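Based on the hints, put chain B in the right spot on chain A.
In the order they appear, the protein sequences are chains A and B. Quick note on the numbering used here: the first sequence kicks off at 1268 and runs consecutively. Quick note on the numbering used here: the second sequence kicks off at 3 and runs consecutively.
In case anyone wonders, no lab produced these hints; they're calculated from the structure. What you were told as hints is all true, and nothing was included just to trick you.
Calculated cross-link-like contacts (lysine-lysine; reagent style DSBU-like; alpha-carbon spacing at most 35 Å): (1) B/Lys70 x A/Lys1428; (2) B/Lys21 x A/Lys1428; (3) A/Lys1428 x B/Lys18; (4) A/Lys1505 x A/Lys1468; (5) A/Lys1422 x B/Lys70; (6) A/Lys1324 x A/Lys1472; (7) A/Lys1472 x A/Lys1404; (8) A/Lys1438 x A/Lys1512.
These figures come from a predicted structure and were not determined experimentally.
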Amino acid sequence: MLFYRGLTATNVTLTGDNGTPITAYVARPEGDGPFPAVVLVHHLPGWSELYIEMTRKFAHNGYIAICANLYERAGEGHPDDVAAKVRADGGIADAQMVGDTAAAVAWARAQPGHNGKVGIFGSCSGGRHAFIYACTKTDVDACVDLWGGRVVMGKEELNAKTPVSPVEMTKSLCCPLLGIFGNEDRAPSPEQVDQHEAELKAQGKSYEFHRYDGAGHGIFYYHRPLYRVEQALDGWSKVFAFFGKHLAG
Amino acid sequence: MCTSIVEIAPADGMAKGEKEWFPVTRSVVAYDHARHALLGDVITLDFINSDLPPGARAAVELTLESAKALRAALDKAIAEAEVEEAERADSIARQKLAAARRKVRARVEA
Chain A
1268 MLFYRGLTAT NVTLTGDNGT PITAYVARPE GDGPFPAVVL VHHLPGWSEL
1318 YIEMTRKFAH NGYIAICANL YERAGEGHPD DVAAKVRADG GIADAQMVGD
1368 TAAAVAWARA QPGHNGKVGI FGSCSGGRHA FIYACTKTDV DACVDLWGGR
1418 VVMGKEELNA KTPVSPVEMT KSLCCPLLGI FGNEDRAPSP EQVDQHEAEL
1468 KAQGKSYEFH RYDGAGHGIF YYHRPLYRVE QALDGWSKVF AFFGKHLAG
Chain B
3 MCTSIVEIAP ADGMAKGEKE WFPVTRSVVA YDHARHALLG DVITLDFINS
53 DLPPGARAAV ELTLESAKAL RAALDKAIAE AEVEEAERAD SIARQKLAAA
103 RRKVRARVEA
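Next comes chain A alone, as it looks inside the complex (with noise of 0.2 Å):
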């Protein structure tokens, strides 16, 4: 194999919750594997170029990846104007989000030469939303959290979308966590961060998360002011260290 493996990457149609038909990013590595999957679960501003990135990063390392657009049913725009639109109307719901991803970790599984592994991994919103399918179903064999915010949630802002605070879900998380965090943010903050890992040991889950000084949020946003490049490479290394030891067929 050369050293760097080749890739193809596409767009795909699922059928998404309620039979909704919605467009995945994919990309798989060149060969016939098996290779694990990963299911990215993209961040608040949306279907970004980032995550598209992300996904070909993970093919790129050996994985067969894919990136649902979550916020779909809002129209065709830029990214950014379509996350715009899905925040004026009070972002989506988390039960939508699970019946999407499902259709993305059914496509995973359905892959010639996938191993039967899928991890699913996400930032920001989409930490909490890849914690909050790790709880809700059991299709997946490891979840990564990047700083997901909204994990532990007050009374007060829960609503008919978010009913529940993805912490009180803990006990049904059906696979290892890794999370990583900046001790600077403040969603999540250190402090929520503490409360989340006190009921992940309550419940005996197996977890590890990583904490960084010097950090804030979207510590691997490269693009952004926000990036801290020694958390970031430390932090990716923590992310394949995980999931190449859960996700090995």
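Same frame as chain A, now just chain B:
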């Protein structure tokens, strides 16, 4: 941050989007990480039309200080506008009263 700091207000007016003006239905004020400004967290203002495609949007990202200055400017302009509107309403009411009096006088004289 990945905050839940979002305020949504109904809006009636027009905004300039990428290419043209469009009627707005909502103003959305949020505080979250910037998407474009090379800043950490920002106040984001979105003027959108929920009934049109996502491109019907006029947006700005401002530092907290800039947003405070904007708020002060808005407060000042709105206060002055309300004085002017009150004066206009008063003037119209006085004109209507004068017209009514003229009508009554004309009837009496007839």
